[in-house]
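Listed in order, the protein sequences are those of chains A and B.
Numbered according to our numbering, the first sequence spans residues 12 to 743.
Numbered according to our numbering, the second sequence spans residues 26 to 276.
Just so you know, these hints were derived from the structure itself, not from any lab.
Values in this document were obtained by computation on a predicted structure and should not be read as measured data.
Take these hints with a grain of salt, some might be off.
Derived, one-sided and incomplete: chain B residues facing chain A with beta-carbon distance under 10 Å [stated by the list, open to error]:
1) A161
2) L255
3) C256
Below, computed lysine to aspartate or glutamate pairings styled on EDC-like, alpha-carbon distance capped at 20 Å [claimed, not checked]:
4) A:K171 with A:E706
5) A:K649 with A:E706
6) B:K96 with A:E706
7) A:K345 with B:D258
8) A:K345 with B:D261
Beta carbons are placed, not taken as given, at the ideal position from N, Cα and C, and that holds for glycine.
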Amino acid sequence: MGLADVSWAFSEDLSGAWVWGALGLGALSILLLALETARTERRRFLVLASGVLATALLLAAVLRPVAVSLRANSVGPKVVVLLDGSTRLLIPSEGKTRRARAITAAKAISSTFKDARVSVLEFGAGAPYALQGEGEGGSLSVESDLTAALSHLNSLAQEKPQAYVVVSDGRLSRPTFDDDLTRLKQLALGVPIHTVSIADVDPPDAAIRAVHAAGAAVAHQPLSLTIELGCSGGLKCNEIPVEIHELRYGMPKALLASGVAKLNQDSGKIELQVTLDRAGTRVVEVSIAAPSGDSLPENNSRVIAFTVTRDRIRLLHVAGRPTYDVRSLRMWLKSDESVDLVAFFILRSTEDETRTTSNSELALIPFPVDELFTEHLPSFDAVVLQDLDAVAYHLAQHLPALARYVESGGGLIMVGGPTSFTGGRYAGTELERVLPVRLLSSEKPFDLEQFVPSYTDSGRAAPVLRGLRDLFGDALPEMPGANILGAPRENALVLWEHPRKKIGQASMPVLALGEAGDGRSIALGVDGTHLLAFSELADEGSGRGFGALWDGLLGWLMRDPRFEAARTELVGECSEGQPTTLMLTRLPSMQGDVTLTLERLGVTQVAPIVQRIPNPPPGPLKIVFSDLKAGGYIAKAKIGSAPPTRYDFACERGGQAWSDSRVDPARLDRIAKLTGGRAVAASGLSSLPIPRPAEVAAERRVSALLPAWLWSLFAAIVLGAHWLLRRDSGLV
Amino acid sequence: MRCIPRHTFLIGVAASLAAPSALAFGQAGAFHPRMLLTGGATWSGPRLRAPERWGWELVRRTSAPARAVCKTVRASDNRLLAEPFCVWAGEGEISPLTRRELHVLGRFIQLGGVMVVDDFEPRVGTFGRAARRELARVLPETLPVRLDPSHVLFKTFYMIERPVGRVVGVDHVDAIVRGNNAQVLFLGHDLLGALAQSEIGEWLFETESPDPMFREQAARLAVNIGMYLLCSDYKDDQVHAPYLMRKRAAR
């Protein structure tokens with residue numbers, strides 16, 4: 012619809028100062044003329060009138076008045092519907108989901124405001140986006156941050172809407188009920204925010220509302236977890252049992268703590284202490300036993316990934332006899348401030364003759380094998396067994412526990428020597444299954460041939476040996492024999508191999524890395540790595556070769572990112588039913604096919620999900636998985652022939668978004684009132700006020716009333732008449 | 026040279042039979058007191074077999090392996106850098122170290138090697154003083170210090186009250202300490218003299234004290250030095266501290 016509006020103005024080539032100056036001068040002239048005409052009686056009014064007219068015409072000649080005509084168009088009002096895009100809206104509500112009801116309401120708003128320009132956006136954690144789908148898929152967010160959505164809309168160079176309509180259950184992430192809503196009012200920029208509440212009845216629900224950790228999780232240190240619980244929708248909850256488990260790979264979940272929370276007025280909290288022994292990402296499940304009648308079992312458990320740090324690596328080093336190899340390893344470990352070393356060396360066997368009459372002459376203590384491998388074993392991050400006979404020193408009875416320790420996330424390095432591996436009577440034991448190589452009890456325990464280990468392709472690609480290769484390239488010291496090691500296990504990689512000795516058709520492994528459950532293990536089938544610390548070759552690297560090797564081995568064992576081929580991280584959150592995106596960032600030197608294998612933590616029959624990307628270009632890779640079920644997951648990324656990188660993460664059904672299922676229409680009411688909007692229920696959309704059409708200026712036209720010369724001519728004529736009248740009245 | 030009848034030595038012998046130039050698996054890291062030779066010196070005389078005896082004492086008393094055959098190594102030879110231990114022993118004046126010897130010895134110490142300086146005539150002390158003078162040229166920035174009686178050297182295997190060798194000598198051990206490691210031990214006790222035997226196993230030198238325990242104390246010092254080399258400061262670990270303190274208090 013077109014509208015015309017005409018207004019008047021002076022010529023636009025004159026500044027305001029000139030206009031006001033001219034008007035002031037004219038007013039002064041008229042004032043003086045009035046004073047002058049007061050002295051005469053004759054034709055006073057004619058003189059005055061002609062003077063005023065002449066002055067006005069002179070001013071018109073100078074100011075040149077113009078007519079400004081404005082033609083404008085009006086359009087339908089712009090209305091932005093902001094639909095709550097949180098996964099919380101997937102909570103069931105009266106036979107449907109809240110989301111389905113919200114989408115129905117949004118469509119109804121479009122019908123109600125039929126003359127308006129209605130756009131429907133969803134808002135989650137950041138910028139709002141166009142409604143993508145009506146199902147549970149799409150890009151739903153854990154958050155529903157209205158403040159962030161408005162802030163983003165304000166930042167866009169676009170027409171301001173006449174009204175916002177927020178469709179939600181009211182339990183927004185921001186603003187919270189207790190927030191000062193002044194900020195929201197500022198962000199609305201005077202635009203009313205109407206709200207539509209899509210549900211007004213709380214479901215009967217017992218839920219874990221929140222889990223708070225008191226500080227950072229540090230390995231071996233007790234961590235206090237506060238679990239907030241809530242009960243709503245008329246469900247009766249007095250006491251709720253709570254359990255905390257750690258989810259482990261290939262093993263049943265382990266109970267960390269349990270207790271009973273007492274609820275007062277439908278809410279309560281309980282504090283439980285847990286100790287996570289392994290560093291890295293650990294996935295913990297907090298669960299409650301809800302009373303009968305609970306309609307939302309999905310929020311009775313939370314699966315949370317904790318990043319467990321360690322102040323120092325606590326390492327147990329056990330050696331069967333002291334040698335230069337033991338010395339080199341001990342001295343390197345002791346020199347590393349990040350290692351808390353507990354060492355036990357067998358200094359005397361039962362065959363040795365100490366020639367003493369009393370034990371007090373000896374500085375020896377008994378090897379506390381039982382105490383170490385029962386009571387204290389979980390407190391270590393890694394165990395190094397070096398040339399230790401398992402039977403002679405009574406370790407054999409603890410090998411099953413040691414294997415479980417590795418599968419639970421501990422690290423193990425077995426270092427070669429005459430009494431390591433088969434020579435140490437580890438073949439056929441429980442520990443063998445967590446070693447990266449098989450042990451051959453039928454073979455002799457070691458080979459006496461001197462040799463220089465060869466790097467395999469994996470050894471050349473592995474970041475774990477990069478430091479050593481930077482120093483010496485492919486060169487390694489000559490070893491005086493090797494332990495006989497069998498074929499590598501599944502999930503194991505051989506980094507060094509024997510150049511001549513074969514096991515079956517393949518070269519015999521010398522250095523192999525492997526994954527075993529949640530833990531990692533390393534088999535080093537030689538006892539001569541001290542030659543990287545002290546030898547003519549070592550001198551070429553100023554003795555740094557030994558440190559470079561062991562820094563890599565220990566770092567890889569402890570999942571130090573420096574020694575991983577890639578870094579994997581979750582983009583956003585993992586919610587059941589939603590697409591899950593993992594970002595894989597490879598080291599610059601890492602090339603080759605990428606294989607990402609996703610497996611569930613715990614004991615499961617579910618087949619791994621495998622995605623292969625043949626030789627992708629450099630740069631980060633985004634890999635999307637759909638339809639993940641709730642639980643803990645490990646993602647193993649293998650780049651080319653390098654050892655795989657592991658990343659643990661948690662996936663939840665509902666998660667934080669479902670932790671509080673109560674609706675909050677009061678908050679929507681507050682928002683509407685504060686911004687001048689109206690709060691309605693989904694059934695009351697017709698009561699929403701329809702905004703006025705928006706007027707859009709389309710054309711502006713400026714035209715002079717008369718030409719300047721004509722104003723001047725009229726002014727001259729009138730001035731002449733004025734002169735004659737003045738003369739006639741005796742004023743001249 | 027004499028083979029030591031112990032299981033660890035047998036491995037070495039077996040390897041020697043299989044490949045005469047090869048060290049047995051498990052023997053490359055075995056205790057090996059190599060005799061350091063400087064200038065035109067040679068290793069001969071009645072103490073010739075003392076290094077093997079040192080290894081033998083270590084093997085029969087402890088779980089540590091030792092080489093059955095001990096070698097000499099010249100200070101000018103890069104092979105000094107092949108292993109982390111050597112013994113510089115002798116008597117009388119020694120010629121100044123050559124530039125090459127200074128360089129190789131410097132690398133040996135820089136890599137973390139351990140050296141024992143043993144004076145055959147500690148009462149005269151000429152060799153000991155000369156060795157200190159020359160080592161001061163190798164490590165001009167580090168002066169020898171007296172090891173405290175509580176130093177780990179005196180508790181690496183045996184609880185030792187004071188060092189002795191063939192002679193009673195001084196009641197302490199001086200050492201060049203770098204970082205936390207005593208890398209050069211100056212013995213004024215003729216330790217090799219106390220360990221020297223003839224081919225038929227007779228002691229070649231009388232000890233200064235006729236007490237049979239005197240030589241035993243010297244052997245214990247030798248064992249402790251060997252264990253200090255192989256285990257470094259293991260016995261200083263916190264886990265051993267209360268136990269060893271109780272033992273000291275009980276003695």
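The hints, checked one at a time:
1. Interface hint at A161 of chain B: violated, since its Cβ lies 23 Å from the closest Cβ of chain A, which is beyond the 10 Å cut-off.
2. Restraint check, L255 of chain B versus chain A: the minimum CB separation of about 4 Å is within 10 Å; hint holds.
3. The interface hint given for C256 of chain B holds, since its Cβ lies 5 Å from the closest Cβ of chain A, which is under the 10 Å cut-off.
4. A C-alpha spacing of about 12 Å is found between K171 of chain A and E706 of chain A, which places the hinted pair at or below 20 Å, so the restraint holds.
5. With a CA separation close to 61 Å, the supplied pair K649 of chain A and E706 of chain A exceeds the 20 Å bound.
6. With a C-alpha separation of about 104 Å, the suggested pairing of K96 of chain B with E706 of chain A is violated against the 20 Å cut-off.
7. Distance hint between K345 of chain A and D258 of chain B is fulfilled; the C-alpha atoms sit about 9 Å from each other, no more than 20 Å.
8. Straight-line distance between C-alpha atoms of K345 of chain A and D261 of chain B comes to about 11 Å, which keeps the hinted pair within the 20 Å bound.
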